[in-house]
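Protein chains: 2
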Amino acid sequence: MDLTMSSIEDHIQNWQPGLSIDCVIMGYANHELHVLLLKWKNSDRWSLPGGFIEKEEDLDDAALRILSERTGVTLPTLHQFHTFGGRQRRDPDDVLEVLSSLELKNPVVENWLMQRFVSVGYLSLINMNTSHPKADFLSDRCEWILLRDVPELIFDHNEMIEKALEFLRIRLRYLPVGRSLLPQKFTMKDLQRLYETILNKSLDRANFQKSFLKLNVLVRHEKQMLGGAHKAPFLYSFDKVRYDEYMKRGLGFTLS
Amino acid sequence: MDLTMSSIEDHIQNWQPGLSIDCVIMGYANHELHVLLLKWKNSDRWSLPGGFIEKEEDLDDAALRILSERTGVTLPTLHQFHTFGGRQRRDPDDVLEVLSSLELKNPVVENWLMQRFVSVGYLSLINMNTSHPKADFLSDRCEWILLRDVPELIFDHNEMIEKALEFLRIRLRYLPVGRSLLPQKFTMKDLQRLYETILNKSLDRANFQKSFLKLNVLVRHEKQMLGGAHKAPFLYSFDKVRYDEYMKRGLGFTLS
Numbered sequence: 140m141d142l143t144m145s146s147i148e149d150h151i152q153n154w155q156p157g158l159s160i161d162c163v164i165m166g167y168a169n170h171e172l173h174v175l176l177l178k179w180k181n182s183d184r185w186s187l188p189g190g191f192i193e194k195e196e197d198l199d200d201a202a203l204r205i206l207s208e209r210t211g212v213t214l215p216t217l218h219q220f221h222t223f224g225g226r227q228r229r230d231p232d233d234v235l236e237v238l239s240s241l242e243l244k245n246p247v248v249e250n251w252l253m254q255r256f257v258s259v260g261y262l263s264l265i266n267m268n269t270s271h272p273k274a275d276f277l278s279d280r281c282e283w284i285l286l287r288d289v290p291e292l293i294f295d296h297n298e299m300i301e302k303a304l305e306f307l308r309i310r311l312r313y314l315p316v317g318r319s320l321l322p323q324k325f326t327m328k329d330l331q332r333l334y335e336t337i338l339n340k341s342l343d344r345a346n347f348q349k350s351f352l353k354l355n356v357l358v359r360h361e362k363q364m365l366g367g368a369h370k371a372p373f374l375y376s377f378d379k380v381r382y383d384e385y386m387k388r389g390l391g392f393t394l395s
Numbered sequence: 140m141d142l143t144m145s146s147i148e149d150h151i152q153n154w155q156p157g158l159s160i161d162c163v164i165m166g167y168a169n170h171e172l173h174v175l176l177l178k179w180k181n182s183d184r185w186s187l188p189g190g191f192i193e194k195e196e197d198l199d200d201a202a203l204r205i206l207s208e209r210t211g212v213t214l215p216t217l218h219q220f221h222t223f224g225g226r227q228r229r230d231p232d233d234v235l236e237v238l239s240s241l242e243l244k245n246p247v248v249e250n251w252l253m254q255r256f257v258s259v260g261y262l263s264l265i266n267m268n269t270s271h272p273k274a275d276f277l278s279d280r281c282e283w284i285l286l287r288d289v290p291e292l293i294f295d296h297n298e299m300i301e302k303a304l305e306f307l308r309i310r311l312r313y314l315p316v317g318r319s320l321l322p323q324k325f326t327m328k329d330l331q332r333l334y335e336t337i338l339n340k341s342l343d344r345a346n347f348q349k350s351f352l353k354l355n356v357l358v359r360h361e362k363q364m365l366g367g368a369h370k371a372p373f374l375y376s377f378d379k380v381r382y383d384e385y386m387k388r389g390l391g392f393t394l395s
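Which chain is which? The protein sequence lines are B and W, in order.
The first sequence runs 140 to 395 under our numbering.
The second sequence runs 140 to 395 under our numbering.
Hints listed in this document are in silico derivations from the structure and should not be mistaken for laboratory results.
Predicted model, so just to flag it, every value in this text is computed and none were measured.
Think of the CB as a built atom: it goes at the ideal place given N, C-alpha and C, for glycine as much as any other residue.
Any given hint could turn out to be false.
Label-pair ranges, simulated between beta-carbon atoms [as the list claims (entries may be wrong)]:
id : chain 1 : residue 1 : chain 2 : residue 2 : range
1  : B       : 218       : W       : 298       : 12 to 20 angstroms
2  : W       : 318       : B       : 280       : 24 to 32 angstroms
3  : B       : 305       : W       : 273       : 33 to 41 angstroms
4  : W       : 239       : B       : 284       : 52 to 60 angstroms
5  : B       : 149       : W       : 254       : 16 to 24 angstroms
6  : W       : 384       : B       : 370       : 25 to 33 angstroms
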C-alpha cells in the first residue's frame, strides 16, 4: 500500500515515533553508478527514498517495502549500513519546506514531521534495467541520477550517500561485489571499471586481473569463432559456488 | 548524571520514544574476551548495559555517555555495529520481569517500558584494567563475564553479542585490531592468541607470523640481556604511524 496525502494522518498513530528509514538505492549502467532520488512536489529539492516503520513491522521488512514501493524490485535482503542520530541532522528549514509544499495543512502531520527523527540507512545494489521507479505521495519525480551529478539533497542525505559508498568500499575488501550489478557475462575490463567506479580511482590493469584470477571466482567462456570474434575479449561470469563461499568466508586478510 | 528510580519518570518526557542503545563492551585479559554485563535487582537475569537517548543528545554521544557511566572509561568513539528492529525482539515476559523487579510501581514508567523499542548496538573494546564497572539504577551488579560463560540474557541481547563478534571478525579482515586490547609491548604469541580468541579458532603459528610481519606494522624490541632473557621471546609493539595508515587504507583485498 502506498500512502496518499489524505491517509497520512490515519497512519501516524501506527508508526514508530521519531524513527525513519532512508534508502540509498544504487544501480550501475554504462560504467557509472546511479542513485535513485525523489524530487518533491512544488519544490526543486531532491531527497533519498525513505519512509516510516509500522509499529507492527520489522525494521528490515519496512526497508524492503520502501525499496519495493519505489522501484518495483523485490530483494531477499538489504544492507543496513548506518543509523544516523545527530540531533541536528534535519535542517528545520528543510522541514518547513516540506510542510509548505504539502497541499494539506494539518497540525497532526506538521507535529509528526517536526519531531526529531533518527534514521536507519539501508543500501541496496540493484539492476537498473529491471527497476520501475515510482514517485511517492510527497514527490513528483523518482529518477536514477548519476552519482557524480547528485545535487545538494535535504537533511543529511548527501552524507548518507557518502557513508553508503564508504560501506561499499570497505565491503569490496572482504567480499566479492558485482553479481547484482553486472550482466551475467562480462569482460575483465567491465569488472575492472565497476571496481574503479566504486573506488573512484584507476587500478592497474595487470594487477587487477592477477588479483581477481587468483581468487578463482571467475569462469572464462570460450570465444565463439564467428567473424572477427577472435579479436573480442574473453567473457567471464561468476562461479556461483566459489562466489557464495567467498560471501561466507571473506576475501580479506586471511592470516594463512 | 546517573538515573535513579525516582528520577526516571521526570526523564521519560526528555527521551526519544521507542529508541534505546545497547552496548557490547568487550575487554581482554588472560587471553580471554570478556563482556560487561548487568544483573538486575531482585532477579537473576542479566543484560547488556544500555540506556535511552535524550531528545537533545546525539545518538553517538548517548552511547559514549552510557559507556562512561557504566565503566568510568571515556573514549573518543565507539563502533555502531547494527540496529536491532525486529518487532518481537523484546520478549513481553522479560519486560514484565523488569517491571515486577522495580520497587516503584508507576504507570508512566510501565507504559514507557512496554512500548516497542528499536535498539542501536554499539561495540567498544576497552582495557579492562582501567575500567571501573558500576551498576545502574535497575541493576545490583555490573561485572566482566567471560565471553564463553555468558548466560542467557534478556531480550535479544545474546544475539547482539553474536552480531558484535561477527562485526569484529569482519573488521579483522580489513583493519588492524589490538591496540586497545593488548599491553603496549607483547609477544607474537600474545598477538596470535588475541586473534585466535576473537576468531574462535586456531591459527598456524608460522603463517600468522609471516602474514603479520609482512604488514610491517610491528616494531620488534631488542631483548634485554639479563639472566636467562635471551631465551625469552621477542617483544613487539605497534608502529603507530603504520597502524594509523592501515586504519585509513585497510589491510584487505587490495587489487594491487
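Structure-based check of each hint:
A C-beta distance of roughly 18 angstroms is found between residue 218 of chain B and residue 298 of chain W, which places it inside the suggested range of 12 to 20 angstroms. At about 48 angstroms, the CB distance of residue 318 of chain W to residue 280 of chain B disagrees with the hint of 24 to 32 angstroms. Taken as a hint, the range 33 to 41 angstroms holds for the pair residue 305 of chain B and residue 273 of chain W, whose Cβ atoms sit roughly 35 angstroms apart. At roughly 54 angstroms, the beta-carbon separation of residue 239 of chain W and residue 284 of chain B lies within the given 52 to 60 angstroms, and the hint holds.
For residue 149 of chain B and residue 254 of chain W, the hinted distance range of 16 to 24 angstroms is satisfied, since their beta carbons lie about 20 angstroms from each other. Our hint of 25 to 33 angstroms for residue 384 of chain W and residue 370 of chain B is violated, since their Cβ atoms are close to 43 angstroms apart.
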